[in-house]
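Participant: Read top to bottom, the protein sequences are chains V and R. Note that my numbering numbers the first sequence so that position 57 is 57, with each residue one more than the last. Note that my numbering numbers the second sequence so that position 405 is 405, with each residue one more than the last.
Simulated from the structure, these hints should not be mistaken for lab results. Treat the hints with caution; some may be incorrect.
Below, computed lysine-lysine pairings styled on DSS-like, alpha-carbon distance capped at 30 Å [said to hold, decoys possible]:
#, chain 1, residue 1, chain 2, residue 2
1, R, Lys140, V, Lys36
2, V, Lys69, R, Lys33
3, V, Lys36, R, Lys46
4, R, Lys59, V, Lys128
5, R, Lys59, V, Lys127
6, R, Lys173, R, Lys59
7, V, Lys127, R, Lys140
8, R, Lys366, V, Lys128
9, V, Lys138, V, Lys75
Predicted model, so just to flag it, every value in this text is computed and none were measured.
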Amino acid sequence: MSPDHITLVTKNLTQSYVIFSNETSQSDCLKYRDIKIILADDQHITLLVPPSACSKGHHLSLFVFKNEKQLRVLKKMPNDRSVLKCMVLHGTIEEFSLIDEQIAEVTLKLTDKVMEYWKSMIDAIEKKQENVSQLFAKYRE
Amino acid sequence: MDAKAQALIKAYLKNKLFLVVEPTVAGKTAIEKMLQKSAVARKNVKFSKTAENALDIMKDMMPNYIICLDKLEDGTYKEILELHLKQHPNRLDNGFILLTENDSVDSVTRLAQSEIDAAVILPFTVTSLQTEFLKIILPKSAPSEYKVLIEAAREHMRFDLDKALIFLKKAKKADPKPFEALYLEGMIHLSDKALELAKDSFEKSLHFNPTYYNSLKELFNIYISLKERARAYQISKKLSENFPVNPEMIPDLAWVSVANAQYDDILNYHQAFKNVDEPDRDMKNYISASLAIYGKKIIKDKLEGTSEVDDTLVQRAFQLMEEASVVCEDKPLVFASLINTLILSNNEAITQKVLERAKSKFPKNKTIKILEILADDATLAPSQSLKNAQDAIKTGLKSPEIYQIILKRSIELGLNEKAVNDYLEEASQEFPQLKPEFEKIISG
Numbered sequence: 001m002s003p004d005h006i007t008l009v010t011k012n013l014t015q016s017y018v019i020f021s022n023e024t025s026q027s028d029c030l031k032y033r034d035i036k037i038i039l040a041d042d043q044h045i046t047l048l049v050p051p052s053a054c055s056k057g058h059h060l061s062l063f064v065f066k067n068e069k070q071l072r073v074l075k076k077m078p079n080d081r082s083v084l085k086c087m088v089l090h091g092t093i094e095e096f097s098l099i100d101e102q103i104a105e106v107t108l109k110l111t112d113k114v115m116e117y118w119k120s121m122i123d124a125i126e127k128k129q130e131n132v133s134q135l136f137a138k139y140r141e
Numbered sequence: 001m002d003a004k005a006q007a008l009i010k011a012y013l014k015n016k017l018f019l020v021v022e023p024t025v026a027g028k029t030a031i032e033k034m035l036q037k038s039a040v041a042r043k044n045v046k047f048s049k050t051a052e053n054a055l056d057i058m059k060d061m062m063p064n065y066i067i068c069l070d071k072l073e074d075g076t077y078k079e080i081l082e083l084h085l086k087q088h089p090n091r092l093d094n095g096f097i098l099l100t101e102n103d104s105v106d107s108v109t110r111l112a113q114s115e116i117d118a119a120v121i122l123p124f125t126v127t128s129l130q131t132e133f134l135k136i137i138l139p140k141s142a143p144s145e146y147k148v149l150i151e152a153a154r155e156h157m158r159f160d161l162d163k164a165l166i167f168l169k170k171a172k173k174a175d176p177k178p179f180e181a182l183y184l185e186g187m188i189h190l191s192d193k194a195l196e197l198a199k200d201s202f203e204k205s206l207h208f209n210p211t212y213y214n215s216l217k218e219l220f221n222i223y224i225s226l227k228e229r230a231r232a233y234q235i236s237k238k239l240s241e242n243f244p245v246n247p248e249m250i251p252d253l254a255w256v257s258v259a260n261a262q263y264d265d266i267l268n269y270h271q272a273f274k275n276v277d278e279p280d281r282d283m284k285n286y287i288s289a290s291l292a293i294y295g296k297k298i299i300k301d302k303l304e305g306t307s308e309v310d311d312t313l314v315q316r317a318f319q320l321m322e323e324a325s326v327v328c329e330d331k332p333l334v335f336a337s338l339i340n341t342l343i344l345s346n347n348e349a350i351t352q353k354v355l356e357r358a359k360s361k362f363p364k365n366k367t368i369k370i371l372e373i374l375a376d377d378a379t380l381a382p383s384q385s386l387k388n389a390q391d392a393i394k395t396g397l398k399s400p401e402i403y404q405i406i407l408k409r410s411i412e413l414g415l416n417e418k419a420v421n422d423y424l425e426e427a428s429q430e431f432p433q434l435k436p437e438f439e440k441i442i443s444g
């Protein structure tokens, strides 16, 4: 068998990682392991976040990273945020609900986004699902 | 989707009951929206935020379909799935969709081999969720006779194997390529420990579908247990060429490749490993185990002169064994295998390097300490080696190999007969079955 044919089963995820600046409270949340995107549509994005980091009506800047390598060494938000190698989304929190003491669910209405990036993010979510679905089917057919 | 399919789905979903187990408001809303778009009546859907509440609802509701987050505040989806399978063992009118953020190949391939119908990855969009939902219900809304029989067999496999076999017999006649029916038949034979019958069923299943994963996996295990190495190798090739290779299978696959003199396979697994970004601990351990198997075989062949092993091959084996000692995270047995092989090879430089790594990783491991004394025996003066071995025995580190060193070196150094006999007696008391071997050392 040739090496090209071999793929190893890994536990690596292909998720995006997010940190954010709360422009309303002038604070940053770098706890990327506690922030998860759970839903996206044309106008909104829903995340799970630490409850103390934001409230309804707050304006957030989300920094979305393709992997966590940069975030592992990020101790504080740089003054010049353009040095972060990531995509940026801006939005206002329309819905805020507490799931438990550690987790709040927030839905942001996106107010400023690079349309091309947002479309590619939605496409990537649907493509990832398609890939998972195909792999799933491969084991059953 | 054409009008006929839409009508089928509408009819299929008309009286189906749904339970959504999802703690977030947005998730619940999105799923509700998707179900409404799929013509599911609002009154037929219930929601729960926790596992406990979901289990309560299930007792009365007996939902046909469950859409459930994998991790809930009070448990996981597993208990919910288990109850659902008990309530509805026939899955044609029922299903389970799991929401999870874990899209790793490891997780997806495990889920694909479980009884859930689909894994929907977070984050999702209403479109991606609906696409998955339709993929599940469309084939169930108009199943073939074969599928109905297969599902009936699966259902009866939980409690009535004889009846399951009757359904499978019918299923085999209902489809020109009944590979799934043959696989299930094989599983029933396996549960009866009828290995030959199971083997026959899986082989027939693969005749109709040569890359059917379930049959490949079971047949590989059967060939391994029957020591049918050439056949196991053919199956292992199909598995690794068509599916991602699970690291925990690599030592078995490596063993089969080595048994068939297909040494390059191990290098290919190693190459695939090197392509993995941040491999986890288990994967490192399994790869190092396969490299140890490779090294052991090459060195053994070289020493026995039983096959054509040239210097290039031997040098590569040394290099890979050293690499195995770097990669291996926490398996002292892998180190023990490497050191044992290296001691036999007389390559003192690499033996010492590997030994040092082993000692730093497992400073208290008894096997490694014994191997250190064995490795040192080849290089130290006889008196020093004898002292090492005697000290080891005093600290309770007793093994046949250490007694062998003591006896050999005592004779070599000309110790008095009483001292030698005392050691012989002690060794024979500790390991009575090896007494003749100890005596042989003394008699020279």
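Participant: State for each hint whether it applies.
Facilitator: For each hint, the structure was consulted:
About 33 Å separates the Cα atoms of Lys140/R and Lys36/V, which puts this hinted pair outside 30 Å; it is violated. Proximity of Lys69/V to Lys33/R is assessed by CA-CA distance (about 36 Å); at most 30 Å being required, the pair is judged violated. Proposed proximity of Lys36/V and Lys46/R is supported: the alpha carbons are some 25 Å apart, at most 30 Å. For the hint linking Lys59/R to Lys128/V, the alpha-carbon distance of about 35 Å lies beyond 30 Å, and the restraint is violated.
Restraint check for Lys59/R and Lys127/V: the C-alpha separation of about 37 Å exceeds 30 Å, so the hint is violated. At roughly 38 Å between alpha-carbon atoms, Lys173/R and Lys59/R are farther apart than 30 Å, so this suggested pair is violated. About 24 Å separates the Cα atoms of Lys127/V and Lys140/R, which keeps this hinted pair within 30 Å; it holds. The straight-line distance between the Cα atoms of Lys366/R and Lys128/V is roughly 48 Å, outside the 30 Å bound, and the hint therefore fails.
Between the alpha carbons of Lys138/V and Lys75/V the distance comes to roughly 43 Å, so the proposed pair goes past 30 Å and is violated.
Consistency with the previously given hints fails for numbers 1, 2, 4, 5, 6, 8, 9, ordered from lowest to highest.
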